[in-house]
Amino acid sequence: MAAVAGEIFPDIGEKPWHPPADMRLGAAFFVRSDFPWLGHYFGSQKLASILSPGIGGILSWGGRAPAKMAARIARFRGLRHWHLEDGFLRSMGLGKSGAIPLSIVIDDLGLPVDANSPSRLERLIEGAGEAGDLGRAIREQIVLNRLSKYNHLPHRAPRIEQTKKRRILLVDQVVGDVSVGRALGSRASFEKMLADGLASDAQCLIRTHPDVMAGLRKGYLTDDASKGDAILVGDEVSVASILDVIDEVWTVSSQFGFDALLRGIPVRCYAAPFYAGWGVTEDRFGVYTKAALAGRRTKLRTVDQIAAAAFSLYPTYRDPADWRELDVFQAIDLIVAQQKAAA
Numbered sequence: 014m015a016a017v018a019g020e021i022f023p024d025i026g027e028k029p030w031h032p033p034a035d036m037r038l039g040a041a042f043f044v045r046s047d048f049p050w051l052g053h054y055f056g057s058q059k060l061a062s063i064l065s066p067g068i069g070g071i072l073s074w075g076g077r078a079p080a081k082m083a084a085r086i087a088r089f090r091g092l093r094h095w096h097l098e099d100g101f102l103r104s105m106g107l108g109k110s111g112a113i114p115l116s117i118v119i120d121d122l123g124l125p126v127d128a129n130s131p132s133r134l135e136r137l138i139e140g141a142g143e144a145g146d147l148g149r150a151i152r153e154q155i156v157l158n159r160l161s162k163y164n165h166l167p168h169r170a171p172r173i174e175q176t177k178k179r180r181i182l183l184v185d186q187v188v189g190d191v192s193v194g195r196a197l198g199s200r201a202s203f204e205k206m207l208a209d210g211l212a213s214d215a216q217c218l219i220r221t222h223p224d225v226m227a228g229l230r231k232g233y234l235t236d237d238a239s240k241g242d243a244i245l246v247g248d249e250v251s252v253a254s255i256l257d258v259i260d261e262v263w264t265v266s267s268q269f270g271f272d273a274l275l276r277g278i279p280v281r282c283y284a285a286p287f288y289a290g291w292g293v294t295e296d297r298f299g300v301y302t303k304a305a306l307a308g309r310r311t312k313l314r315t316v317d318q319i320a321a322a323a324f325s326l327y328p329t330y331r332d333p334a335d336w337r338e339l340d341v342f343q344a345i346d347l348i349v350a351q352q353k354a355a356a
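In the working numbering, the protein residues as written are 14 to 356.
No lab work stands behind these hints: they were computed from the structure.
Warning: the hint list may mix true and false statements.
In silico DSS-like links for lysine-lysine, alpha-carbon gap of 30 Å or less [said to hold, decoys possible]: (1) K353 with K109; (2) K81 with K231; (3) K353 with K303; (4) K81 with K109; (5) K353 with K312; (6) K205 with K178; (7) K177 with K205; (8) K59 with K81; (9) K231 with K205; (10) K28 with K81; (11) K28 with K109; (12) K81 with K303; (13) K231 with K109; (14) K205 with K303; (15) K312 with K205; (16) K28 with K312.
What you are looking at is a predicted structure, and each value in this text was computed from that prediction instead of being measured.
With the hints as extra help, turn the sequences into a complete structure.
Listed below in structure tokens is the structure:
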């Protein structure tokens, strides 16, 4: 049982859509080489090649070409296939810098970022009507501890020109981010978001992705920050620190939008990330996106219900020090302890 602030929540228990504990699993070479720790999430087994005889299922990571190839091989061989990604509360450091995640998601239906078809996360949000109390407890702990997906940046006020106007944060993303296209967004979505922001009477800030700030990737809006009156927020400060001084967040498909929702900040979406379409965001969906979501995301959900699904019902947490399984509250405590140790 998990206990927080005197409240006790039942253990989530087994996730029936996960691979059976005794199933031998295969993965593409790049998955096995880039994520040598991954087998610890599956009974500490050594993952085999996707071409190996005797495997019962195939794992793929993300949505790039190797993942698509793995899916095709699974279909050809008549094997089950699971999609893997980082969890939404990932780690203190960046994956690009070698930080091992405290959480991953294991999905038997699709990627959580893919709006073209339902994912297990979408199904869990649909069914999260009774999970609001759990989600509230998670939200309160995340906000109290000023956490987000990555938690390596310091908490301090960003250096932003003072204004009496409302502040809109336009969230940049890295070029090539699979979530943009999978959420039915494009470069045009960023151009529209920027144009709308510049046409408003607000102070428009552009926040780029941590990988871009670290010099590892290129952003969609980084080169356009000088257009009009948009201001690039380049300070290496935490998500929570930026959201402290923001009135509204506009995004294409970034988790930054969900971070804002957790803190009660209005969010506008120019594509369909997992938290859009449930009645908690202002959605600027095009005709194609509306058609793709037809008959889905039909229930109104609260931020707390979505939080319960995204942070507890859906992901798996493990401590990379000894690979013991954690619940979300233990994962929060671990990240906070790591931050204090690094301070």
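Quick rundown of the hints versus the structure:
Between K353 and K109, the direct Cα distance comes to roughly 22 Å. Compliance with the 30 Å bound is thereby established for this hinted pair. Only pairs whose Cα atoms come within 30 Å are accepted, and K81 paired with K231 is accepted, the gap being roughly 24 Å. Distance check on the hinted pair: K353 and K303 sit about 45 Å apart at the alpha-carbon level, beyond 30 Å; violated. At most 30 Å may separate the alpha-carbon atoms for a hinted pair to count; K81 and K109 meet this at roughly 22 Å.
Straight-line distance between C-alpha atoms of K353 and K312 comes to about 40 Å, which puts the hinted pair past the 30 Å bound. Taken as a hint, the K205 and K178 pair is honoured in the structure, with Cα atoms around 21 Å apart against an allowance of 30 Å. This hinted pair checks out: K177 and K205 have alpha carbons roughly 25 Å apart, not beyond 30 Å. The hinted pair formed by K59 and K81 meets the criterion: a straight-line CA distance of about 22 Å does not exceed 30 Å.
With a CA separation close to 19 Å, the supplied pair K231 and K205 stays within the 30 Å bound. Annotation: proposed proximity of K28 to K81 holds, straight-line Cα distance about 24 Å (limit 30 Å). The suggested pairing of K28 with K109 holds, with an alpha-carbon distance near 29 Å, which does not exceed 30 Å. For the suggested pair K81 and K303, the alpha carbons sit about 25 Å apart, so the restraint of at most 30 Å is met.
For the hint linking K231 to K109, the alpha-carbon distance of about 14 Å falls within 30 Å, and the restraint holds. For the suggested pair K205 and K303, the alpha carbons sit about 17 Å apart, so the restraint of at most 30 Å is met. For a cut-off of 30 Å, the pair hint linking K312 to K205 stands: about 28 Å separates their Cα positions. Proposed proximity of K28 and K312 is supported: the alpha carbons are some 23 Å apart, at most 30 Å.
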